[in-house]
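*Asks:* Listed here are the chains, written in short residue letters.
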Amino acid sequence: MNRLKTLLLAQLAAAGIVGSAHAQEAMTLDQQVNEVFASVTGPFVSLIFAPFPGTSFPWIVMWLVVAASVFTLYFGFVQFRFFGHAIGLVKGDYSDPNDAGEVSHFQALATALSGTVGLGNIAGVAVAVGIGGPGATFWMILAGLLGMASKFTECTLGVKYRNEYEDGTVSGGPMYYISKGFSELGLPGGKILAVLFSVFCILGALGGGNMFQANQAHAQISGILGDYPGWITGIIFAGVVFAVIVGGIKSIASVTEKVVPFMGILYVGAALIILLVNFDKIGWAFGQIFAGAFTGLGVAGGFVGALIQGFKRAAFSNEAGVGSAAIAHSAVKTKEPITEGFVSLLEPLIDTVVICTMTALVITISGQLIMDPATGHFLLNEAGTSIKTVGDTSGVSLTSAAFGNSISWFPYVLAIAVVLFAFSTMISWSYYGLKSWTYLFGEGKKSELTFKIIFCVFIVIGAAASLGPVIDFSDAAIFAMAVVNIFALYFLMGLVRKELASYSERLAAGEIKKFKH
Amino acid sequence: MATKLVIGLDGHGSGERALAYGKRMAELIGDCELIVVYIVEWSPYSFQTPEENAERHKRREEEISTAMSRVVNPAVDGLKAAGVNARGIVRHGDVAGALNAISEEEKADQIIVSRSSEGGFAKRFFGSSTSNLVMSASVPVTVVG
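Chains A and B are the protein sequences, given in the same order. Residue 349 in the working numbering sits at position 358 of the first sequence, with consecutive numbering throughout. Numbering-wise, the working numbering comes out as the position in the second sequence, counting from 1, plus 161.
Chain B extracted, bound-state conformation:
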């Protein structure tokens, strides 16, 4: 059975480092599949106007297609071009929770993320997605600095 590695991208330059590390691991392992994941930060407990609710399904589809075309597909295409077996997933939710849920669904062996680009006030209060993931993940997590 192929080794499965989940790579979390954040749409910033730091995600590239996680991608590069995942690619290197896949090459070393050989029989390996990379699952490139982008999570659209979203909470079912947020507050919205009636108009936002009415348009939510449409917006969700747009968010998924934008994330696919701008972040995930270029990464997957790059990996495939380099001869690595890869596919992409976009999902809404809390970054740490959703990455962990995907790794469980896919029976992944490891999650690879880059060090969070968040900082300052929010990080002090809520912790970064990366540290939340490290604390809660049910599979090993590699954090690329």
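This is chain A alone, in the form it adopts within the complex:
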């Protein structure tokens, strides 16, 4: 009965939006949404992406890379030293059989990955390569490898300082470790930072975790079905998301959660097949990546342009330092918080170093990026902002065209994958946003419902707005989370080092035992 009621409510809510949309012409509505959106978010976006004076280098990109490098050095290249141990943990070698039925390391990793693997790997990489050239891939891989240490730091803290409630549920994430960690160290301002993080996390959930997804899903669907107003896709998506997060129709979410990894494997499999078929070009493609990384090969902004794009897209894709993964990883069952830190460092590796690189290689090999044969440099489009592509494609449609070049029917599979990735990312981010919302406004049905409705409304806005303002706001909101999170991590990283020292010692002494399964 309750389910029926919520379904009715969902339909009424959707009808309300449709009703008001009918009052105006479809295209006018899209344009209006776009205009208002761009003007409202403009100042916030400018602040986050402000370049260092006299350069075109955004300070936020430096902020992320410096943090990832600091964590890498501070923890003595933990991402390489404990890589094998991380694999053992995911395989369940160290899981107590008596904990069967609890959240395993594998499940926590898979859930976090389903929030990050998605459009960032498909559309984001195309944006990076389209603007920064193949050289952006080199910086993306480097950022991914360094980002593993950021992920390790935040996810260890996420488990260490999570809230475990009497009813057996858990809540964790930067807002909890910032406030608890700061008070443990006797530092002031923890609560303020936690609140600030929560605010940015809500914006990130509505931006990168929602509008960007809806926007690119619409681009993909309309690319196949023909152009139609974005708000229609938005309302359909909003309806389905509403049914899951408000109506509690878990079956939709669990089907998606099962199909998404399959789509991920299919995507990587298709990329591998394309690379195998074109194996003679792989050497050339890597040559382009390395040469482009340091010279830019004529792309807009030269090598700095490639570097910025690579770092930016890697951060947007794997979210290392952003703090979102700490929310997802904190549900794991473990007596050693640091074990989840080790597991989480695999996330940027899978997401960025493997999947993003696959996309970049396929785009490079496909010949979609137009090159001047005389100079060996890429040709720029008329505006001079990005590389000229066959059919003037960009974002997800560039990836689609690159895959379609080798496997003609793959764009259809990709369209389904994009929609499913978008959907699963939205479900994940609705949870991250909700956790931040309840941290600010308290847990309770009314408070939760308010956030969930706002979340659904933003899906419609995201699908209707054009790519430019949406992608800018999505980036800005996600990176704003990283500003607060990384600032706090610098103060809290000593706590992680203590954990690491103690665990390493016990592991070496044979006190951390493997279980027989």
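Derived by calculation from the structure, the hints in this document are not laboratory data. Among the clues, some could well be false.
Simulated crosslink set (SDA-like; lysine to any residue; CA at most 20 angstroms straight-line) [unchecked claim]:
hint: 1; chain 1: A; residue 1: 82; chain 2: B; residue 2: 255
hint: 2; chain 1: A; residue 1: 436; chain 2: A; residue 2: 158
hint: 3; chain 1: A; residue 1: 326; chain 2: B; residue 2: 222
To give an idea of the chain B side of the interface with chain A (calculated C-beta under 7 angstroms), a few residues [claimed, not checked]:
hint: 4; residue: 203
hint: 5; residue: 208
hint: 6; residue: 209
hint: 7; residue: 217
hint: 8; residue: 219
hint: 9; residue: 253
Computed from a predicted structure; not experimentally measured. From the three backbone atoms N, C-alpha and C, an ideal C-beta is built for every residue, glycine too.
With chain A held as given, fit chain B onto it using these hints.
*Replies:* Same frame as chain A, now just chain B:
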């Protein structure tokens, strides 16, 4: 030392046959303990939403208490009422693997299960839990038809 028999229940009528057979064996053996086991099918490699993960511990406790109260305790109570020494265990995992693990932990002499109630497509592809158990168990297995 008492003979230990592990009886795997599946929550269906077929489990009753395994239970009845185990009871008969216990009566014939005399010094015998029956360990009634119910396995909640679960894989550490499944995919879940963040919300499902956050609630997992709570759900696990609920699943154990439901299995105990609906399947295991009535069976154990029935055996005890008939004068048979019995106790119950509920565990999560792969049915065949977990039954075998329990029999090893308990140093059981035998596992008794009923013929699987699975059928059709899934059985053709993955085999039934019963046949997996027969193939992998480290103690003798009796399958009650």
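*Asks:* Does each hint fit the structure? Answer for all of them.
*Replies:* Hint check results:
Distance restraint check for residue 82/A and residue 255/B: the Cα-Cα separation of roughly 15 angstroms lies within the 20 angstroms cut-off, and the hinted pair is therefore satisfied. Distance hint between residue 436/A and residue 158/A is fulfilled; the C-alpha atoms sit about 16 angstroms from each other, no more than 20 angstroms. A hinted pair counts as satisfied when its Cα atoms are at most 20 angstroms apart, and residue 326/A with residue 222/B qualifies at roughly 18 angstroms. For the restraint placing residue 203/B at the interface with chain A, the shortest Cβ-Cβ distance is roughly 5 angstroms, inside the 7 angstroms limit, so the hint holds.
Against a cut-off of 7 angstroms between C-beta atoms, the interface hint on residue 208/B holds, since the closest Cβ of chain A lies about 4 angstroms away. Interface restraint check for residue 209/B: the shortest CB-CB distance to chain A comes to about 6 angstroms, inside 7 angstroms, so the restraint holds. Contact between residue 217/B and chain A, as hinted, is supported at the beta carbon level, the nearest pair being about 5 angstroms apart and thus within 7 angstroms. The restraint placing residue 219/B at the interface with chain A holds, with a minimum CB-CB distance near 3 angstroms, inside the 7 angstroms limit.
Checking residue 253/B against chain A: minimum C-beta separation of about 3 angstroms stays under 7 angstroms; hint holds.
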